[in-house]
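S.K.: As a plain string of letters, each chain reads:
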Amino acid sequence: MILHILTKAPGSSAALQMQQAVAGQDSVVLIEEAVTAALDPTWKAWQQCQSRIYLLSEDLLARGLATIAVDNQLPTLEMGGFISLTEKYEKSVTWY
Amino acid sequence: MMQYGLLVMGAPYSSPAPHSALRFAHAVLDRGHQVAGVFFYHDGVHNASSLMAPPQDELNLHDAWIELHQQHAIPLDVCIAAALRRGLMSESEAQRHGKQAFNIASPFELTGLGQLLELQQRSARFITFA
Numbered sequence: 001m002i003l004h005i006l007t008k009a010p011g012s013s014a015a016l017q018m019q020q021a022v023a024g025q026d027s028v029v030l031i032e033e034a035v036t037a038a039l040d041p042t043w044k045a046w047q048q049c050q051s052r053i054y055l056l057s058e059d060l061l062a063r064g065l066a067t068i069a070v071d072n073q074l075p076t077l078e079m080g081g082f083i084s085l086t087e088k089y090e091k092s093v094t095w096y
Numbered sequence: 097m098m099q100y101g102l103l104v105m106g107a108p109y110s111s112p113a114p115h116s117a118l119r120f121a122h123a124v125l126d127r128g129h130q131v132a133g134v135f136f137y138h139d140g141v142h143n144a145s146s147l148m149a150p151p152q153d154e155l156n157l158h159d160a161w162i163e164l165h166q167q168h169a170i171p172l173d174v175c176i177a178a179a180l181r182r183g184l185m186s187e188s189e190a191q192r193h194g195k196q197a198f199n200i201a202s203p204f205e206l207t208g209l210g211q212l213l214e215l216q217q218r219s220a221r222f223i224t225f226a
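These protein sequence lines map, in sequence, to chains Y and U. Heads up, the first sequence is in this note's numbering, so the first residue is 1 and it goes up one at a time. Heads up, the second sequence is in this note's numbering, so the first residue is 97 and it goes up one at a time.
Isolated chain Y (complex conformation):
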């Protein structure tokens, strides 16, 4: 079980590499530029990871994307929720 932390936009090579690496019990946190995934509900990772992918709300707010995430019913978490995931997952990988 691994926590994947993606920092780059959905079309980036980092995102593609992450999608190839994500396994069944893994979770994904989208931070920094990766939260622009809120603009693309068709991004394959939304289907691939289903209930185990989250957008960092602070980074959504900083980019003016918080409303879009709510409208598209995308799962978000606060920084405290991010910490909770790191508590749950012993290993993490940052994709950048």
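Treat the hints with caution; some may be incorrect.
Said to hold, decoys possible - Rough simulated footprint, nothing fancy, chain Y against chain U, three-plus residues with beta-carbon under 8 Å: (1) 112 to 118; (2) 123 to 133; (3) 216 to 224.
What the hints contain is simulated information worked out from the structure, not anything from laboratory work. Computed from a predicted model, the values in this text were never measured in an experiment. C-beta: ideal position from N, C-alpha, C; glycine also.
Given chain Y's structure and the hints, the job is docking chain U onto it.
M.R.: Only chain U this time, still in chain Y's reference frame:
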């Protein structure tokens, strides 16, 4: 309570990584955990520059790291090889290399990759911000 180690590889103001790492560190502490140390590597070494002078209405990341250290005694280690090749050095390194000025001072410490490995071993969780 767990020990967290943080690796920062992004430069301040050109990468969001340092700001993310700083917010993460505060959130870790707010949850009752400890931060065993922060290691600055690659362009992340620029966080240690004492000559950083952003506009007054912007966060001064250098000062913010120092404040974190002062409040929680968190070691701030800087990769010496990455720092020297980017023109960041302590007073002793400046003397050794015949330079007129220096821009890294305590609590930032120039260290080697051995410190990074040691931090990883001490940390129950090790998170990279790049």
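S.K.: Now tell me if each hint is right for this structure.
M.R.: Going through the hints against the structure:
no.	hint	in the structure
1	112 to 118	holds (count 3)
2	123 to 133	holds (count 5)
3	216 to 224	holds (count 5)
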